[in-house]
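Visitor: Sequence:
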Amino acid sequence: MFYKTLIHPSSKEWIVLFHGFGGNSSIFYKQLKPFRSEYNVLLLDLPGHGKTPYPKDVDLFEYSCDKTLEILKDLKIKSAHFVGISLGTIIMQEIALRSPSSIKSMILGGATPKLKKWGEFLCRLSVFYPLRKMLPHMVPYRIFARVLLPKRNHSDSRKAFIKEAYKLSKEAYLGWVLYGLDGYTTYDKLAETENKIPKLYISGSEDHMFLESTKKYAANEENATMEIIENCGHVCNIEESERFNDLAVSFMKSASKVQITA
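Start counting the sequence shown at 5; every next residue gets the next number (the working numbering).
These are computed hints drawn from the structure, not numbers from a lab. Don't take each hint at face value.
[What the hints assert, rightly or not] Computed cross-link-like contacts, BS3-like style, restricted to lysine-lysine with a CA-CA straight-line distance of at most 25 Å:
{"id": "1", "residue 1": "Lys220", "residue 2": "Lys174"}
{"id": "2", "residue 1": "Lys37", "residue 2": "Lys8"}
{"id": "3", "residue 1": "Lys37", "residue 2": "Lys257"}
[Said to hold, decoys possible] Label pairs and their calculated CB-CB ranges:
{"id": "4", "residue 1": "Asp78", "residue 2": "Asn157", "range": "34 to 44 Å"}
{"id": "5", "residue 1": "Glu42", "residue 2": "Glu175", "range": "33 to 43 Å"}
{"id": "6", "residue 1": "Pro13", "residue 2": "Asp250", "range": "32 to 42 Å"}
{"id": "7", "residue 1": "Ser41", "residue 2": "Val143", "range": "32 to 42 Å"}
{"id": "8", "residue 1": "Lys16", "residue 2": "Arg146", "range": "37 to 47 Å"}
{"id": "9", "residue 1": "Lys200", "residue 2": "Glu42", "range": "35 to 45 Å"}
{"id": "10", "residue 1": "Arg102", "residue 2": "Lys80", "range": "39 to 49 Å"}
{"id": "11", "residue 1": "Lys257", "residue 2": "Asp78", "range": "18 to 28 Å"}
{"id": "12", "residue 1": "Glu17", "residue 2": "Arg150", "range": "36 to 46 Å"}
{"id": "13", "residue 1": "Lys82", "residue 2": "Ser41", "range": "18 to 28 Å"}
{"id": "14", "residue 1": "Glu17", "residue 2": "Leu73", "range": "11 to 21 Å"}
{"id": "15", "residue 1": "Lys82", "residue 2": "Pro154", "range": "35 to 45 Å"}
{"id": "16", "residue 1": "Lys261", "residue 2": "Pro154", "range": "34 to 44 Å"}
What you are looking at is a predicted structure, and each value in this text was computed from that prediction instead of being measured. We put the beta carbon where it would ideally sit given N, CA and C, even for glycine.
Construct the entire structure; sequences and hints are all you get.
Guide: Structure, rendered in structure tokens:
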């Protein structure tokens, strides 16, 4: 799995960044300056995205988890702050199930616990056999991007993801859609454990597809808090980057202090 590091001259703490479906590590361009000013940063390209090839016949969540843990081991990173957007938050949950000690804190931007029923119907329709044979895979992706990010103030994030998604193969697109539809089960499994990982959910008030289900998860987790950014859609790290960055850095600092003094 492709990765790159940005090394801080003195800090020993790390942030690991997990991008969303169709994107790659470049979608964190608005986070790099504030994050790398205080932390070492590890950027990942998930399987089939960016510079990481798409693996065949694997469980995409387990594979992404295993490869991330391998990278952390190779870099001698015992634990780090995890920051994810959309699909990336599911991979973080999978790692939390398998190796909770690897995570100092979790920041879940535009979390994706469960689609609304009509959104799930659209996704399943796009991978239904006749349609997936007839249509280029970017047609349903562009439609869903418009549905997920419909407003004018969502246009920058919508354009960014569509631009990067053109690099996805059809096989990678179909594979991730099928796995992503059941991604909420990973949230459910983690919610059933006694994990005490500090979590901050950051969502936009206009994230009409996922906001309500995200609120339910955040309210039922022992060590979770939630921030809702007004007049903001699903991809809050791009649309309201300054607010997102301030919340994220403040939370990571507070999480580190708790662990240091515990």
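Visitor: I want to verify a distance hint. Is the separation of the beta carbons of lysine 82 and proline 154 within 35 to 45 Å?
Guide: Holds - the Cβ-Cβ distance for lysine 82 and proline 154, about 42 Å, lies within 35 to 45 Å.
Visitor: For the hint 39 to 49 Å, verify it against the beta carbon of arginine 102 and that of lysine 80.
Guide: Taking Cβ atoms as reference, arginine 102 and lysine 80 lie about 19 Å apart, which means the hint is violated.
Visitor: Is the gap between the beta carbons of lysine 261 and proline 154 within 34 to 44 Å?
Guide: 40 Å, holds
Visitor: Quick one: are glutamate 17 and arginine 150 within 36 to 46 Å, going by C-beta?
Guide: 39 Å, holds
Visitor: Tell me if the beta carbons of lysine 257 and aspartate 78 are separated by a distance inside 18 to 28 Å.
Guide: About 27 Å separates the Cβ atoms of lysine 257 and aspartate 78, which means 18 to 28 Å holds.
Visitor: Does the hinted range 32 to 42 Å hold for serine 41 and valine 143 at CB?
Guide: 41 Å, holds
Visitor: Is it true that the CA of lysine 37 sits at most 25 Å from the CA of lysine 257?
Guide: 16 Å, holds
Visitor: Assuming the hint says 34 to 44 Å, is it satisfied by the Cβ distance from aspartate 78 to asparagine 157 or not?
Guide: Given about 40 Å between the Cβ atoms, the range holds.
Visitor: Measure nothing beyond the straight line between the CA atoms of lysine 37 and lysine 8; if it is 25 Å or shorter, mark the hint as holding.
Guide: 15 Å, holds
Visitor: CB of glutamate 42 to CB of glutamate 175, is that within 33 to 43 Å?
Guide: With a Cβ separation near 39 Å, glutamate 42 and glutamate 175 satisfy 33 to 43 Å, so the hint holds.
Visitor: Indicate whether the distance between the beta carbons of proline 13 and aspartate 250 respects the range 32 to 42 Å.
Guide: For aspartate 250 against proline 13, whose Cβ atoms are near 23 Å apart, the range 32 to 42 Å is violated.
Visitor: Is it true that glutamate 17 and leucine 73 lie within 11 to 21 Å of each other by Cβ?
Guide: 18 Å, holds
The structure is inconsistent with the numbered hints 1, 6, 9 and 10, although it conforms to all the rest.
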